[in-house]
Each structure stands twice: as C-alpha cells, then as structure tokens.
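So the protein sequences, as listed, match chains W and B.
First residue of the first sequence: 37, per the working numbering; consecutive thereafter.
First residue of the second sequence: 162, per the working numbering; consecutive thereafter.
Heads up, none of these hints are tricks.
Far from chain B, by Cβ distances over 12 Å, these chain W residues were calculated:
| no. | residue |
| --- | --- |
| 1 | Gly100 |
| 2 | Asp231 |
| 3 | Thr248 |
| 4 | Glu275 |
| 5 | Met410 |
| 6 | Leu412 |
Below, in silico cross-link-like pairs of lysine-lysine (DSSO-like), each with a Cα-Cα straight-line distance of 27 Å or less:
| no. | chain 1 | residue 1 | chain 2 | residue 2 |
| --- | --- | --- | --- | --- |
| 7 | B | Lys250 | W | Lys362 |
| 8 | B | Lys409 | B | Lys399 |
| 9 | B | Lys409 | B | Lys346 |
| 10 | B | Lys250 | W | Lys345 |
| 11 | W | Lys365 | W | Lys375 |
| 12 | W | Lys375 | W | Lys362 |
| 13 | B | Lys346 | B | Lys505 |
| 14 | B | Lys452 | W | Lys365 |
| 15 | W | Lys366 | W | Lys345 |
| 16 | W | Lys366 | B | Lys452 |
| 17 | B | Lys346 | B | Lys471 |
| 18 | W | Lys362 | B | Lys452 |
| 19 | B | Lys346 | B | Lys399 |
| 20 | B | Lys452 | W | Lys345 |
| 21 | B | Lys419 | B | Lys399 |
| 22 | B | Lys250 | W | Lys366 |
| 23 | W | Lys362 | W | Lys345 |
| 24 | B | Lys419 | B | Lys409 |
| 25 | B | Lys250 | W | Lys365 |
| 26 | W | Lys365 | W | Lys345 |
| 27 | B | Lys405 | B | Lys346 |
| 28 | B | Lys235 | B | Lys346 |
| 29 | B | Lys250 | B | Lys452 |
Just so you know, the hints here were simulated from the structure itself, not pulled from any lab data.
Where is the CB? At the ideal position from N, CA and C, for every residue including glycine.
Read off the chains here:
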Amino acid sequence: MSHNAFITEERIEGDADGALAGRTVAVKDNISTAGLRTTCGSTTLEEYVPPYDATVVERLKAAGATIVGKTNMDEFGMGTTTETSAFGPVENPAAEGRVPGGSSGGSAAAVAAGEADLALGSDTGGSVRCPAAFCGVVGIKPTYGLVSRYGLVAYANSLEQIGPLAPTVEEAAELLEVLAGSDPNDATTREPPADAETDYAAAADGDVSGLTIGVPTELLEGADDGVRAIFEDALAELEMKGATTTAVSLPSVEAAVQAYYVIAMSEASSNLARFDGVRYGRSGEGEDDGNWNESFAAARDVGFGEEVKRRVLLGTYALSAGYHDKYYKKAQDARAWVKQDFDSAFESVDVLASPTMPVPPFERGESLDDPLQMYLADANTVPINLANLPAISVPAGETDEGPVGLQLVGPAFGEATIIRAGSALS
Amino acid sequence: MTAQTAEQRDLTAVIGLEVHVQLETETKIFCGCSTQPDDDEEPNTRTCPVCLGLPGALPVLNEGAVEAAVKVGKALGSEIPEETRFHRKNYYYPDLPKNFQITQYDAPICDSGEIEFGVDGDRRTVEIERAHLEEDPGSLSHAGGSIDTAEYTLIDYNRAGTPLMEIVTAPDFRSAAEARAFLAKLTEVLEYLGVFDVTRNGSLRVDANLSIVDAAEVDEGGGIDEETLESANRTEVKNISSHKGAEKALAYEETRQKNAIQRGREVEQETRHWDESRGITVSMRSKEEEKDYRYFREADLPPLRVSGWKEEIEIPELPDARRERFREEYGLDAESASKLTSTKQVADFYERIAEKFDSGLAATWVADNLLGELHYRDMAITDVTDRLGEFTRLVELVDTGEITVKNAEEVVLRRMLDDRLDPETVVESEGLGKTDDDAVAAAVSDAIEENPDAVEDYHAGEDGALNFLVGQVMAETGGSADPGTVNELLRERLEG
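Throw the hints in and build the complete structure from the sequences for me.
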C-alpha cells in the first residue's frame, strides 16, 4: 500500500560492506543527492538535480546502505503535518485518516510502513520528533553541530540538524553513529567532548537505574488528557526500571514558540531568497518589462506554496529596519534565556522528559486553516532547537486517535544518555 | 536665497570613500575554487556548489583571506578585535548567487586606523573607520548594450566568492585630488603587503560619498561638526574603478553639486552611477528607494577568534619606512628613494642590484635607466623581475668598463627590452666590446693628421677643438672607445 511517502523512488546502492550493509534508507527530499532530484517538496525545485551528495549521503553510501528514494515533506520543512508538500499529503500508516506529522512525514511513514528500514529526516523545530511520535517510530534530533548539514537545503540554518528515524531506539542509534562526526565542509560541526560517550548503539541497553528524569511542568500544561495519561504511564515504567523523576520548571519555554517562529522565519526569508526563477523554478510569467524584481516576485508567486510565502513574508518583516529590534533581536534574547534555563535544569537532572507532541495526530486537513494552532503544537519540540540540544522521541503508547511519543532531552552531546533512557521503554 | 547672494558662498566638498579591493589569495573566501582566472576560461567553470550558492552548500572561511585582512589591519594601524563575526546582507541582484552577500557588520576584522599620504606637497592623514571582509558577487554582461537597453543579461559566477576587503574612510577628504592621492597610497601599501594586485581587472572598486558645506563650517584643523555633515544632502557615487576615475568622478560631482547650490537648488540625496565613457554621474535611485539590507548573523560561520593567531601574522616594511631607510642606508636623494620604493617589486629589485654594486650606480641604473625605458614601453618592473640576472650582468659590464655607459644605455638595455635578448648577445651582435688600445691609438693619429685646422685651433686655446677631435675618434671607432681614454690620448699626443 502506498502512503505517498516518497516523492522520488530510486535505488542507489552503497559500498559493498559497512555498518549499514543490507539496510535500506529513505532520505528526506531536502538532503542533496548527486544526480537525483531534490525537491524540498516544492514546485520551485521540481526539476532541480544537485551535482553533489550531502555529507550524510556520502556517509550512508560508505556505510553500505542502499538508498531507496527521497521522501515527501512539508514544503521546505515548513509544516507539522506534511500537508504543505507540493507532491500531495502522506498517509499515516499507524493512524488511518490522520497526518503523519511533519515536516519529515514521508520519512516517518516509510519506516512505519516498512518501506524502508531506516530514514533520514531533518529537524528544525521538531520535524523529526513530531512525525516519529505520530507514526509510532523512533526519531532523534542530534546536538547542533554533531551531524553535518552540508547538502541539507536550509530552512532555518541556526536551528536544524539531520537526524535518524527507525523502528527501534537501537537502530536509530546505529544510524546516528554513521551520520555523526565533524565535517570540513560544515564549519558549525564540532567533535563531541573527549569524555562524551559516542558508541550510541551500545548505549541502547535499557539501563536507567540511578537516572534522574526532570519533568518540566510547563511542557505538560497544554497536553491532551489522553496524551498525558500515556506519558505518565511511560514515566512510571521508567521509574519501575530504576529511574527517579522530579518536577522542574523552565519558565523561558513560554516564550519559545514565538521566539522560534521569529528566528526560523527570519532565516528562511534569507535562505530561500535564491529561489528567484533565474536558476531554479519557473521564470515568472506575465509582463516582462525587464524589471528583475517583478520577474523574481512572479517566479516566487508561482513557485512557493501558501505556508512558505507566509513564513518568508513574516521573516522579511521581522528583519526589516524598524522592526528588527522588536522582533528578531528580542527573539534572540529569548533564545539565550531558553539555553540558560536548560543549562540550569541539567545541573540537577540527567535528562528531561515530556510528551513529544501535546496532541495525537491531527485529522487530515484539520490544521491547514489555522496556522497558529499548528505552530502551538510545536511547543514541546522547538525549545530544544533553540537550545541546540539533543532529543529523542520514542513510542510511548497509543490513544484512539493514534500513537503518542515520549520526548527525552539531554545536555549537549548527551546523545548516549537519551538513547539509553529511550531504550528502556519498549 | 537669491542667485546673487548664492554666488557669494564659499563652498567646500566633503568626501568619504568606501574602497573595495580584491585580496590576493590562492582560493576563494568560502570555498576551494581558485581565484586566478585561467587564460580564455569559459564562464561558470571556476565554480563549485558553494560559490554557486547551490541549495545546501555551506561556506567555510579561508584562513588565507583572514591573514590578508589582518595584514591590512596592521598596516592601517587598526584595532583587530579578539573576535570577528559575519553577517548576511540581503538584497536581490542576479550577480549574487544566494541573493544575499556574506559580509561583516557589527564586528569587522579591522576597526579604526589611519593612512598618511602626500598631496600637492602637503602631508595629510585620513581616518579609516573600519575594514571588513566579504565575498565578491559574480559578474553580469548585458547583451547588446547597457543595463537599461540590453535584450538579456548573462551571468558569470567565476568571480563569485573572490575575497574582498571593504575599507571605509571617515569623510576626511576635501577635494577630488586628495581622494586620488589617498587611493594611490592605499593601493601602494596593499601591494607592499602582497595582498593586492592593481593590474588585475576589477581589483579596485570605489564608492564615494560627496556633499557640499559652507567653507566657513570647516574648523582650523579641517574638521566639520556632525550636525553640519548630517544636514548636508550627499550623493553616493558608484562604479569607480581607478584612481584617475575617482578624481574625475568626484571633480564632476563636486562641480555638479556646487552649481546646484549656487543656483539655489537643493542637492538630492541619492545614489549616482559614474559613467566613465561619458565622464558624468547619472542618477540611479533616490533616498526613498534606498535598500534595507536586513542584516543578521550568518549562523553558518561561527565567530572567528583571531586573538593569539594575529600576533603570528607579520607584515613587511611599508613604503614610508622603506623610503626613509633607502635615504639613510644607500645615501639616496629624496627623488630616487621615492622612485625606488614606488612599488615593492621595484624596491626589491633595487636592493638586489645594490647588494653587488655601488648604491649610487645601482640607483642610476634602476631608477633612471630601467624604469625610464620600461615606462616608455608601457611595461612594469614585474615584466622583468625574472630577468634580474641579465640586468645585473649589464650593470657589471658597465661597472668593469667592458662597454661604454652610452652603449649600455642606448643600445644594450633597449634591445634587451625590445628583443628579449641577454646583454652578452647584444654586445656581441652589435660589436660593442670596447675597441682595443691599438685601434684607438690609430684612430687618434688619424684624427690629428686629417684635421690640421682643429689641431691649430687647439693650440690657439679654443675649447671646442678637443671635443671635435674626440668626436672624430668616437665616430671612427663606432662609439666603442671610452671617451675619457680618447680625451687623454689626444691631449698626450697634442701636448707631446
């Protein structure tokens, strides 16, 4: 059964052996593949074929993986449902009639449906964790700088990371091991500190005895009753296995959604500026009086969908003279506050836990008319991107409306810790 | 104000410059592509995903560009902050692959500084406000005419990503001539640092701000208060690409603005384009259309810490210091010292010659003879730096008396340059080896025998007579005799 998880299906064989030999991997369609079109779910890039491989794609090939195609996604990663794709919506294999989450909805659906063993997504404000939660699979958003972004078509470059999706924590960890590591082509990559545990697959041992789990009260406030019940059952299971839980407060997260959207949209307005019809997308139609700006505007009008236009316009506004201090600068201040809040929390706990999404999967079409409601659904995931921290979403159970994910957040380069904690739930 | 009273006003120009120079580095500022064009290269071939701005490509800062920038900062006496950052300057233009330019904004690599230069015999010091690194856009060619009339425009990204340094001065210039002299000095310093090549096409681009104020507003130290500057409408003149162009454009703009004011009209605050071929500035856009560049931090490039590293970056002796040293060390006069330090290559060339010969002889040969002949041929020292050995042998031939100074200057050096011959080949083919003593003696005898009148005049005490006889001998020996020796021989024979 097809779930429209792929925009382009194509097999690319990797090296003969390696850590991922014999495994199939689906790659989100905003990650560059040499010779294979990379659309970002947008009409603008419908025919764009990159001449180079993203670093993560090179690493997949070198590890012996077989790439099976490019997965469907919200246009340029802008969405929480994969409904903003120019290539049609994706069915949630785990919840019929409901969205798979987004923006890496195709990657999560491919894994959930068994159309690929593993998948790559990208997470700017929850785009790996949300679809992992909605489709009942595992997704990891790594520490900013752990995985190279070279070849990832930027939406909001100060926030995003490429991350693995897999049926189990251990498999996600194995894939992360292949992806991680600094890259001379991405100046923002960093090697983990010398004392950091980087044998991620081995960390998936389910041993949580002595682990302190902080539960930020602010991240439970907006949660659905059904989601909350499943979250509390999951915490109880972890406690039974030897972890202790404690309530913590992260007052800054109240400002996180606003700050996140201002920063993400601002960066997007600049990152997407190159798609002006000259080298990508359709040339603007209509009066050609030789005015470049008119022609660029016309190209962008036909090349971008509504959500992309909304975010580019708002981001342009937030950076404009006279508004920069009120919006962009204020959002940066809030970001610094969020980072600081997480830093203090990790002085007393090992990991933080929350529902990944405060709600179960939306019904198809439900959120499209109300962008604000969709933005608010990101409340639990965006603070982690603002703070550059690692987080994992693991399946915690199901309501009548679909799967629910548990999010575990670690300190910078604490991937092994959240993998260990996540692997205790199964 | 009426036209009559307006004419009484004594007006002064206030000029500030933004100078963009291409830094000489092996590779582009954010990728590994070469900065050096190949001969006859095709458009868009010296490119990669990064300098083409392909989706997903990321910039990585070239340390060579940072080093060059630090050298510039040291030469300008700038403060080089511990940490420097990059920003995006957002605007839509087809030569800009990403529709934003990576540049520096609130934390430039060089803060403040100054340059001293001479103009019309005076020394002037101009304050540098800042100097920062940025990437060069690609280049456009408008098929079938100018930007307004072209049917279509072609884009070449080979140049995209060449490291640029933008050097911003305070509005310290009061005339177009000062601006030109400053540019000459600035490019001289940059060439000395080895970070700039003036001969490279498009390596220098200048934007100039010019406004007009009442001369009475200028205080004794040449300063003008902020309020006066703010209240004067100024124009920004773009598309200046040479020292001479800067002087012409600014002189034009100064006259244009003064005329407007003298006629009681307001100068419009706007951006103007210098049209080199027509020698005028034309309006590009008015203040209302000024762009909002929406600067913000470039998150793809982490802040760069240059503290520690910057101490290890050394700069060579700069022109002023070298000029002074040449006067002291080699005993040169001001003019020779100035000529010989006009570029680093000339100064290096001279010092190599001066190692082997008398410093005065070396100065005559390099400053007067060589530079003179090169200039006449529209050549530069860089055209002959690989022939230092040949030139050394030429000076040696003169120094040891093997050929005459006259022949060396007028025949050997010229043919060396025109025909790319080595000095020995010229001497041989022209038969310039000094004539042996017997031949000279024979020619002297002939001259005395054949010119009895001149001999008589000599004895009568006429000064011209000896010179006439020397001339006869020189003619007979084809110029290869040493005039001093001839002179001496003639005297001996005539007195004896």
